[in-house]
Structure formats: structure tokens, C-alpha cells
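Chemist: As a plain string of letters, each chain reads:
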Amino acid sequence: MNLSEAFATGGETAVIGMGIVFGVLIILLIVLQLFKVIFYKDPAKANKAQTAVSEKVVAPDPVGITTEPDKEEDDEQLIAVITAAIAASLNTSTYNLNIKSIRRVSPGRPAWNRAGLNETINNRF
Amino acid sequence: MLESFVNFFGNTGVAALLSVDPVDAVKTIIMLVIACVLLYLAIVKKYEPLLLLPIAFGMLLTNLPMLKDSSAIMMHAEWFTVDHPDIAKIVSNGGLLDLLYLGVKLGIYPPLIFVGIGCMTDFGPLIANPKSILLGAAAQFGVFFTFVGALVISALVPAIAWGVKEAASIGIIGGADGPTAIYVTKSLAPELLPAIAIAAYSYMALIPIIQPPFMKLLTTKKARAVVMDQLRPVSQTEKIIFPIVVTIIVALIIPDAVTLVGCLMLGNLMKESGVCKRLVDTAQNALMNIVTIFLGVTVGATATAGNFLSVGTLGIVALGLVAFIFSTCGGLILGDIMYVLTKGKVNPLIGSAGVSAVPMAARVSQTVGQKENPSNFLLMHAMGPNVAGVIGSAVAAGVFLAMFS
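Quick mapping for you: the protein sequence lines, in order, are chains P and F. The numbering of the first sequence is my numbering, which starts it at 1 and goes up by one. The numbering of the second sequence is my numbering, which starts it at 1 and goes up by one.
Because the hints were derived from the structure by calculation, they are not lab data. Because the structure is a prediction, the values reported are computed rather than measured. Backbone N, C-alpha and C fix where the C-beta goes; we use that ideal spot for every residue, glycine too. Hints may contain errors.
[To be verified] Example chain F residues on the side facing chain P (calculated, C-beta under 8 Å, incomplete): (1) Met228; (2) Arg232; (3) Ile254; (4) Gln366.
[Unchecked claim] SDA-like, lysine to any residue: derived pairs with alpha carbons at most 25 Å apart: (5) P:Lys36 <-> F:Met380; (6) F:Lys371 <-> P:Asn113; (7) F:Lys216 <-> P:Lys36; (8) F:Lys131 <-> P:Ile26; (9) P:Lys41 <-> F:Ile240.
For reference, chain F alone in the conformation it holds in the complex:
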């Protein structure tokens, strides 16, 4: 009786916590506290709760104290950070989260999310005002600027050893696109995945706070009040041909971007063609929600103390902010140039919407513009650069994958 009780106690989480090195025990507790703080941000502050809540809970699950080699361990993050993960071992011995994480590791979830995003995206404003596509390109500036920044920090700070792969994964945070960031990072720098995903999603939620100061700094009062011409009507034929043409062009130039762009365009074609209403309904609701749960929990679960509690994580959080700011500025500066070249027909505020966070960034352009000119309505004009930014950051991701994987 006593013996079975002692056996039982020996298997508890308390025993596991007591059995490890005190430093590791403290780290475990710190990770649990961080997970709880993120849960607080998701639930009370409502920062992207649909993603942050599963991520934070995944983090909680993976850091629960467990005995070494216990069969109750749900996630073995260390199995995935090696160069060639042993899939057979993961399938036969892995816990629940190990198995679900294969969807991230094998690059299945982010493209599926892109199918859903494609179903919800209207490329009409972009087709009506093609020039706005350039703003979507300029707003990738932060991605490459941060790439250089990460390499420089790695050279200056001895505690951080990032190569080009890590720098690329950190830079892509500036694309302001969660699935793209995850897709690149899982291939190039899997050990940075939790920090990068959390930074990307947190800053996306903070876009209404991050962007407006720079929007005011880089534009004049007169330019902010510009009312743009109404967009031309776009026919259904154009909307149907657009996704097909984009997929082919992107494939011809940068094949590594096709997984993301192709899935985005598949979803968009299903929607615009109007002949697969049931599929569209599933892709943008059920499928997207299911994948979001799997993706969030498993990405959070990679945040073990070993992966997450490092100087590098602080660097990623700082560089992520830099990436967002410089992407915003890149778009705004090209917006200013277009304002001058068109003799005041383009409102430069739509430039900041070139960071892809759809539709949050476009709403910020609208709100800031309206403060200057209450009767102005920039939302549809800002949607053009906004959806172009999604294509732009997927292409930037393709560039990194082509160069470094």
C-alpha cells in the first residue's frame, strides 16, 4: 500500500520538479509564468486572441514538469531542431503535440491557412489601382533591413550566434504575415520558431499602436488630407483571371514562393469563380479554424526553456519591432514619392498598408487619414497595397528559401 503510494508520488509533476537541477526548475517556473502572461494578454487585452491563446497554452503544456522519458510528455521540441528529424521515431514514440507539429515541420499548415486567407481576400482594389502593388513591394524593406540588422547584432554580441538562416527568419517578421514567418522559420531556423511566431503575432496585434506615429512623421498634413479618385469598377472576369496569372508568373520567377502564393490564389479563385461555394465555406471557416488550433498549440509547444530563455529571444523581440517599423516606413516613403509624382493624387498614408497584416493595416490608414480629413474614405484604396503586401512578403519568403535552404 505504502509502496504503491510512493511509486505514485514518484511519478507526479511535483516529484519531477524536485528531481531536476534547481536552475532548470526555476527556468520551468519562469516559462509557466510567461505562458500565463501571454494568456492574460490574449484573454484580457485581446491581443490576437485566436492565435495567442492557443500559442500560450501550447507553451504551458510543453513546460509542465515531467520526468525524463515519461510517456506523458506531449512534445519533444528537441527532436525537431536537428537537421534531419527522425520522422519514424516521432510517429512511433511522439506525444500528441509531436504528431500535430509534423504539420508545421513538413510545411502543411501555413499553406492551408493561405487557402483560407485567399477565400477571404478581394483583389478588386488592387486590380483597379495597379500602381498600389508597388507599395506592397516597398513595405518589404523592413524584412531585408532587419536581415542585415540581425547579422550585425550577431557580429557585435558574443552571446548571439546567428547565421544567414536565422537572420532571414527574423527578418521575415517584417512581412507582418504569421503563416509566412512560420513557413520560413520552420525550414531555416526551427529553434527560433516560438520566439519569431510570438513576436510576429504580438506586433501584428499592436499595429494600430506602432504605425500611426511614423505615419504622421513621414507625411505632411496636406498629403494626409488628399482625397483619392474613386476606384474603377472591376469585372468578374478580371478577378477570375488574376489569381491564375499571378500563380504562373510567380512560379516562372521564384518557384520557392509558389507553395504560399499558389495556395493563396487557389482560395481566391475558388471564391471569385463562384462555382465552389461549399469549398469556400469550409476553407475560410472550418478548415482555417482547425489548422489555426493545431498551428497555435504546436508552435507554442516548441517554446521550451532551452529554446526560449536566451538573449537571442530578447534580440528577436527587439528586431521584430524594428522590422515592423522599417516596413511601415518603406511603404510610406514610396507613398510620398507617388504623391509627388502624381502631383497630389495619391494619399501617402496608403503606403503603410503595404505591410501585409490584412485588414488591420488598411484600417489604420483609414483611421489616420480620417483624422486629417473627416470626409475622407481611404479604406478601399489602402486595401490595394494591403493585399499586394501579402504577395510581396510571400515572394520575399521565397527569395530567402531559394537562397538559404
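Extracted from the complex, chain P is given alone in its bound form:
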């Protein structure tokens, strides 16, 4: 095989080959997009629909609120824990602190969790 033949044969095979590889994977891409349509419900949309319904149901009945207190209690515990953690790291008492608001910063992954994951990944190299 001389040089021009090599380029001709090689180029032709490469184009056909890349074409088939892309073709097969594009078909799989379309199938996976169908998966999303068929099997996946967007939780944001689903939630909206649900809250709309629950509001309608709950509104006339003031005693029907059952989930709210639980959630508040959880939040109170979380606030207590965060306050204690800040107090400990500042070397002071929780009485000297006045927590005004707590906001989650993105990404939603805590720093120690991230550090742990990084360590695991780097160990396996």
C-alpha cells in the first residue's frame, strides 16, 4: 500500500466508522430522551400541582395542618445545632449570639462531605 492509497483507504474507513459510532449513539440518545418523556416527572411541576390541590383542601379546614409543626420542629433543632457549632468555633456561649437568618449556599454539599469525597477520589489514583 502506498501513501495515497493509505490515506484513501484510511480516510474512507475513518469517516464510515465515526459515522456508524455516532449514528448508533445518536439513536440511543433519542431513546434516552424518550425515557425522560415517558418515565420522568419533574418534581418542581409535580409539587406545584400538589400544593395547589392541598391549598384548596386545607383552606376551609383550619385544623387540617399536620405537616407544618413537624417541619418547624426540625428547623428549630437545625438552628440550635448551627448556633451551637458557631458558638463552639468562636469560643463563646450561645447566649452571646443572635442568629438572624440561616441561608444555604450553593452547592448543597457540606464542606466536610466534599473534603471526604476528594480524599477518597485522590486515594484511588
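We have chain P already, so just place chain F on it with the hints.
Modeler: For chain F alone, kept in the frame of chain P given last:
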């Protein structure tokens, strides 16, 4: 007494080494040294030791000095490089490694390894972000680029005579997938098997060194710091249907890829269905380990001086590196294109994970991304192209087998 001693001496390895042509004796010694260097890389440097150690020891075993036609010869590599190996002769006269090598020659081991890989693979990230499957396709670019490169080198260098079959086997190194490379090479160019297997596995171990410079070269600082949206949750139903659908689609288009893809999906279905826990446990541990030992030792054992000590081997080592680099670049360039088209929602670094070396390439994407943006977590996003790359390189293998076998 003296006579039996002389007889005994005549059968020793020392006598065998002295009896052959000095050039061959030197070649034998060189091969033993290479085997020992590879053992050093496996044991001390820990380059893919689970594979490199059996391969290197297989190489050692096959190159031990033996008298011609001795019954102690474990492997007759020359019996397998002919077009139609005489199976009856191999079964009746072969040594241990000859018999085990039938598993490679008949294409049994690589698919069995794929069953185990399927059991360990989670296609969830791919199902959640289907577009990443294209990166798995783009990262096969190195396979075809190297195919052309091998043909060109063969045309330019008189000492190398590679046809399309050899070029295809060398190109498939760019798939960064050991079992796939072995599966293609044993069918198309069995005499190149040891060089190709060793190159493929060595470069896979070197991915954390090979990829990062090109990842930095082909992406901008801003693009590397992109934080991608969280993946959507994927239901069990989707994970169960996926392997079945993929097997059928691949079979409809490229039947030659079904042996590999089908076995991969069999393992994956066993895992995702959750109803064959015992089988999954065996496939991903015991079965895979047993097959890896057989595969490693016998592939190493094909590396006789005649097969291995040639200019071609140097060419394969060089082209293997080219294949890895261009596959990485193919994925990265499509990653860049997706970054532009999605207006900065895709981090192009996940493109390099499209070379299939699972999960090493995905970890490299993660590490490089984190250097730019310490709070970024790309690993799961990179797993999508990574597992797509396994399917992609199996399809590329199927293309070569369909065209040239």
C-alpha cells in the same frame, strides 16, 4: 551414572540456551529482562498491577529457554498466529498456557470480563443526561485517526508491513478498553496481541498523566470552572429497560458488536434488576478475577521474541499513545462545542472522560475541574460520557470486525 547425569544436563534450560543460535539466545535474555521490567512497573510503580503482573509473568514463562519440541513448553504462540489454528493439535499436544489461551483465541474471556464490568457499571448518570452519550462517541476519534496513522506509517517505513487488519487492531487501543482491544486483535492480527495488550493496559494506567495537559490546552479557564446542574433522579424502571433496549438497538445496526455490548448489558441487567444478587456477586468478583488471571497470563505468553522484538512493537507503543491523546482531544472538542451551544451549562472537561477507561478518566475530569473551582463536583457528570465510551468503543470494535474479518 555419568551418562544419566549428562542426559539430565542435556535437558536443562542452560543447555537449551547454549544450544540455540547466539542471536536467539540474546533475544531470549532481552525478553526476560523486559518481563522483569514490566513486573517492576506492576509491583513497585503499581501500574494496573491486577493485569500487568499476570501479563509480565506470562511473558516470563513463555520466554524461558526450552529445548525444541520439549514437552515442558507451556505455550506455542506460533500455533495461533496462522489463519486457521489446528485446534485438535493444540488440545492434544498443547501445554497449560496453550489450553488457557484458547479462551482468548475463541473470544471467550473478553465478553466474560464485560459481564463483570456490566455488573459494576451504573448507567444512571448517562440516562439522566443523555447528551453526554455524544461525548462517548466523539472520544472514539483517536481510534480512527490512529487507524489512518498506522496505514501511513506502514506505507512510509519499509520495515513495517501493516494492512488494514493490523491498523484496525492498533487503532482500537484508542478505545482505552483492554478487553475490547484484545477481542479485536485476536481476530484481526493475533501476532500483534501482546504488544497491543501491553500498550493498551499501560496507557490506561497512565491516563492521569496523559490527559490533564490536553485538558488544559483545549479548554478555557472559565469553561473549566463551570458548575453543572444537578442530575435528575433516575428510576429503577429506566435502569432496567436501558440495557435491554441498548442490546436490541446495537444488534439491529451492528451485529458484530453484540458479543461485547450484549455481555456488558447482561451483567448490568443482572445488577439493576436486583433479582440475581448471587450471580452478580460471582460475575463481578470470582468470575472476573479468574478470567483476568487466565487472560493476563496467556496474553503475556504470546509475547515471544519473534512476535515482540520488532520495529512494529515500537510503532505500536507510539501509535497507542497517539490514539489515547486524540481520543481525549475528540471528547474535549465536542465538550467545547457543547459548552458554547448550551451557553456555558456543560463543563467541557467531562468530554475527556469519553475514553472508556472506567472510572479512571472520570476521576481525572473531576480532579482537573476541582483545581479550577474547588467546590465543583464533576464526577457524576463525567460518569455519563465515561460509560457511553464503553458502548462507543464496543461499537467501533464491531465496525472493524464487520469490515475486515
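Chemist: Starting from Lys371 (chain F), check that the Cα of Asn113 (chain P) is at most 25 Å away, please.
Modeler: Distance ~17 Å between Lys371 (chain F) and Asn113 (chain P) Cα, so the pair holds.
Chemist: Quick one, are Lys216 (chain F) and Lys36 (chain P) close enough, alpha carbons at most 25 Å?
Modeler: Cα-Cα ~33 Å, so violated.
Chemist: Close enough to count: is the Cβ of Arg232 (chain F) nearer than 8 Å to one in chain P?
Modeler: Status holds, d = 6 Å.
Chemist: For the restraint on Ile254 (chain F), tell me whether the closest CB of chain P is nearer than 8 Å.
Modeler: 6 Å, holds
Chemist: Straight-line Cα separation of Lys41 (chain P) and Ile240 (chain F) no greater than 25 Å?
Modeler: 18 Å, holds
Chemist: Regarding the hint that Gln366 (chain F) lies at the interface with chain P, is the smallest CB-CB distance below 8 Å?
Modeler: 6 Å, holds
Chemist: Given the hinted pair Lys36 (chain P) and Met380 (chain F), is their alpha-carbon gap at most 25 Å?
Modeler: It holds: about 18 Å lies between the C-alpha atoms, which stays within 25 Å.
Chemist: Hold the hint about Met228 (chain F) up to the distance rule: shortest CB distance to chain P must be less than 8 Å.
Modeler: 10 Å, violated
Chemist: Given the hint that Lys131 (chain F) pairs with Ile26 (chain P), does the C-alpha gap stay at or below 25 Å?
Modeler: It holds: about 9 Å lies between the C-alpha atoms, which stays within 25 Å.
Violated hints, in rising order: 1, 7; the structure is consistent with all others.
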